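Novice: Use the sequences and the hints to build the structure in full.
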Amino acid sequence: MFIINYIKEIYSGLKSLVVGLRRTLFYFTHHKEIITEQYPDNRATLNLAQRFKGEVVMPHDENNEHRCTGCTACELACPNGTIKVITKFDLTPEGKKKKAIDKLVYHLELCTMCNLCITACPSDAIKMAQTFEHSVYDRSQLTKVLNFEGSKIMDGVE
Amino acid sequence: MWSLSNIASGIHEWLSKTFPSTVVTVVEMVIVGVCVISLFAILGLVLVMMERKVSAWIQIRLGPNRVGPKGMFQSMADTVKLLVKEGMTPTGADKFLFNLAPYIAIIVSMLLMAPIAFAKDLTMWNLNIGVLYVSAISSVSVISILMAGWASNNKYSLLGAMRSGAQIVSYELSAGLSILCIVVLVGSLNLNDIIASQSNGWWIFKGHIPVFIAFIIFLIAATAETNRAPFDLAEAESELTAGFHTEYSGMKFALFFLAEYVNVFIVCAIGATLFFGGWMPLHIGHWEAFNHIMDFIPSSLWFFGKIFFLIFLIMWFRWTFPRLRIDQLLNLEWKYLLPISMFNLLLVTAMAILGWYF
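As you go down the protein sequences, you meet chains A and B in turn.
Its first residue numbered 0, the first sequence is counted upward by one per residue in numbering that gives the first Met the number 0.
Its first residue numbered 0, the second sequence is counted upward by one per residue in numbering that gives the first Met the number 0.
These are calculated hints, taken from the structure and not from any lab test.
Everything numeric in this text was worked out from a predicted model, so none of it was measured.
Here are the simulated DSSO-like pairs of lysine-lysine, each with C-alpha atoms no more than 27 Å apart in a straight line: (1) 87(A) to 102(A); (2) 205(B) to 119(B); (3) 334(B) to 14(A); (4) 126(A) to 52(A); (5) 151(A) to 96(A); (6) 7(A) to 334(B); (7) 97(A) to 151(A); (8) 31(A) to 69(B); (9) 98(A) to 87(A); (10) 205(B) to 14(A); (11) 126(A) to 98(A); (12) 126(A) to 151(A).
Specialist: Here it is as structure tokens:
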């Protein structure tokens, strides 16, 4: 009985080693699988991973309109105070006051790219961009205002 | 036909005609020494480059590709870097032993070059106990490792050296037993006789399964004896920083590094000699035309081709398998490899007596 177990053990051990060797031989012979990006050389055709997160941006459409309602859900969701929503009150044509954003301040230097603000946003106003060349000469340049100058909220977004 | 042995005998004849025999011996020794040292340098460059490329492709990377065409001069640039670096000796170290250790490592691998037949009729020293000589000298390399570890005055180095000692002493056994399988079949310890016995077929084909098992055990033991992953417990970067050569820098480190690669080359050369027929070309039965074409490839090319195939196997192992723990390492040797190789030796002996091989 002992000898059978012994041989079985050797067989299964060798088999698992062969599985590993086959995998590495496949990679050795298939150079198309190489995932290295030669970054400064291929800057134009850079192929980033789908889930790579670079910075938070607020997409605007061609009429300079965004989808942010100023609900501050992102500010509350942020674990380290990266986002600061400064709200104002717009007057609707009916003469009612309506909450809107004045500035959405984003501190890139504090952001950990945790994606919590994006999941918290109820109106999909912000998203993660894949930019990554963030170096600047002064720290103050890392504090960004996400909504564009003179932008306003899209119709139909509550 | 052009061959290395013709050049060697030509030089020998010319020297014997012009100088007295003592001078001839001295000059030939110098020539051989220069050849060995240049072979060392070339091997170091080529093998380091090969290792880096193989590891890169296996790990889905590109590897060095900046210095020279396709990055081929990277190892040369590294050599220049190592040459200009300061070779420091730590304050608490035993200075004499510390500086001696890398030279012993390199001398051991130089000595191992002696009995290897590099091409047809091209051996530095046609030794009648070649196999014994190789296994005896290769175990001296453990002294250099222990010396380096002890003299460094560093607990990591000492631990690495001690592990290496345990490892080499135990794997020497199964390496020896698997080499003995071939010696039993051939009936001679001379490496040239072993090669000559394979003129009608390499032992790995002639000897069926037992010799194949012996070859696998030899390969495992050779990997362990050269301290390469998955048996690189002597260095074990993640546990012992760099093991016995933690404190070495500059050219002294480079000598250890070179000795490691040259040792890989030598164990592969021994493996090629024992199992793959040394410089013998591949012959298949009675295919006269095929055999004739194979004879046209120079014997040295055959030998180096086989060696580099085996080196590739060892590199492939290194970049595929995870490192063993020290107890797993000794288990593997004493509970698996040693009993199997002893049983295998019995099988081979029976085979040799009954003549069950081609």
